[in-house]
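Asker: As a plain string of letters, each chain reads:
Number of protein chains: 2
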Amino acid sequence: MKHEDRNINSASGSVYENFADKLQARIDKLGNPTVMGLDPLIEYIPEPITSYINENCDDPAMAAGLAIYEFNRRLIDATCEIVPAVKPQLAYYEKYGVHGWEALRQTIEYAKRKGMLVIADGKRNDIGSTAGAYADAILGRTTLPDGSVKAMLGADCITANAWLGIDGIEPFLKICRENGKGIFILVRTSNPSATDIQDLRLEDGRKVYEAMADKVSEWGLDLVGKCGYSSAGAVVGATWPEQAAELRRRMPKTFILVPGYGAQGAGADDAVAGFGEDGKGGIVNASRSLMCAYKKQDLPHEAFDIACRQEAVQMRENLRKALAARG
Amino acid sequence: MKHEDRNINSASGSVYENFADKLQARIDKLGNPTVMGLDPLIEYIPEPITSYINENCDDPAMAAGLAIYEFNRRLIDATCEIVPAVKPQLAYYEKYGVHGWEALRQTIEYAKRKGMLVIADGKRNDIGSTAGAYADAILGRTTLPDGSVKAMLGADCITANAWLGIDGIEPFLKICRENGKGIFILVRTSNPSATDIQDLRLEDGRKVYEAMADKVSEWGLDLVGKCGYSSAGAVVGATWPEQAAELRRRMPKTFILVPGYGAQGAGADDAVAGFGEDGKGGIVNASRSLMCAYKKQDLPHEAFDIACRQEAVQMRENLRKALAARG
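Keeping their order, the protein sequence lines are chains A and B.
Per numbering that gives the first Met the number 0, numbering through the first sequence is continuous, rising by one, with the last residue being 326.
Per numbering that gives the first Met the number 0, numbering through the second sequence is continuous, rising by one, with the last residue being 326.
So that you can see chain A by itself, here it is in the shape it has in the complex (with noise of 0.2 Å):
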């Protein structure tokens, strides 16, 4: 199950699994192709977590970052034998400083340990160095100055923005090739003004997304794993059903991660058109209705964990079933 000890850890030289099949090896035996959003914003955890917390400790920035911790890990104990990878958004974190951070980095080796694949939601982008330096601190190692080098998240997987191009992407790509790792690129996203500049007509016909599409499937080709997906993957959004479909013909092998399940308001049917015919190459996140399923369920808030679980076989039927309806 853990599978750490796959990604990290060589200096040697040897191969690593590719992160696309790693991927979706966890999705076919768990036979559900969906990513827990982990963003813990403190009005999401529970009252019984977050009143334990501030009466055991003095330094509320502190208890923010323990009581987020405790949060994620009692969602991942219930949900790791159900759902293949966790998606944390750095923002939620970060939002805490040098606590969220931490427990950012004890989320993310929890999570491992508990078998789960790991992708940073933090879609960074920048160029060369800088861009290299996201690279090592999300999914790689660091030198210090002593010249021991370390893991300092250990992420799987990263989001990303393409905004400068291939120099902004090569950094993370590398890292993909070299250690197993995986990013999902922004192609189209489903918040309304992704018009302003996603859909703009270009001269040659294609929408700006879809010149982007065309980019990403371009960088992933030499990842493209035994699965028949790249590690090198797109985000395109579950409320435009339509272009998800047309984006997986443009983008045949390109894995896509399904943001806007549940909460968001996209249904399963609409979640999965981007998926390949074969019903593989896709995963769709859901953050808040998995999380905060307790405040809709007839449970005791203690039980958190539970209505997540619930809420998740339930995603996970509704998916299969959405999958099996496209024959």
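To be clear, the hints were calculated from the coordinates, so they are not data collected in a lab.
Pairs count within a copy or across copies, as identical chains cannot be separated in the list.
Taking lysine to any residue pairs in the SDA-like style, the calculated list, with each CA pair at most 25 Å apart, reads:
#, residue 1, residue 2
1, Lys206, Pro191
2, Lys149, Ile41
3, Lys295, Ile81
4, Lys149, Glu54
5, Lys214, Pro191
6, Lys214, Gly204
7, Lys214, Asp203
8, Lys214, Ile165
9, Lys149, Leu40
10, Lys113, Ile48
11, Lys295, Pro47
12, Lys252, Glu217
Given chain A's structure and the hints, the job is docking chain B onto it.
Answerer: Below, chain B without anything else, positioned relative to chain A:
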């Protein structure tokens, strides 16, 4: 000198000074439109600092954080009466984990105490509440589990990427309006592969980066300060001076952040090409050429701060001459 009290601390609804006005006033006072990038790769830090800290700190990750802060602190001391602002590049702090994040927090606090404005270069981008979490984390304040409120980083300004459109920018604009903060949005970057997406031609004749410029210009209209420029500014690469001049005509009220001076290759004439006709509304970043000036000058490495100061004075003179030559 200390400007923190004007930015933070008030829940009274009082009006904060416009960020562009604060930045332009400080540029005018020092006669220097420079921002010093603080991109503290361990390799940049002079050996006397790293060896002293290695000898006195057993934890290599903590030693990295301490070395970064000590390096930055002395660079700030050496330049705070010459250079109006600093721009820490977040990737280089994230690379050193929680200790890097703590060094970032301390660096921002120290720079503000010394009267410098702080532009947090994170190129953040996301939508809705997630963009709001980044805004809280980097510019604003965070509500903790006990109900207390604390500024985690308290930077004056952030860099952002607007691929997602206004949905991803509005949460930052809100804090700009309400708390006198600033934002610089990527418009045209100076790296070779900026052509991949930014330079594509739209059917209406504009290039994609020009469409982005039009959006940035529009979004910033209600943040134009008394100085005539907006707190919602743009990043425009210095190695493309013709584009910078065109973009200035296109975005007459947009404050422009120009990266790429010095080590990245652009000279002073190129760097000021996007300034307004009044010689204002622009600021030029230099990182490595200032931080690592000691590597080029005939001074002992212990005197890295003096080398940085000399280089900053030289850069100021070069920019003054370039602005004067424009007439």
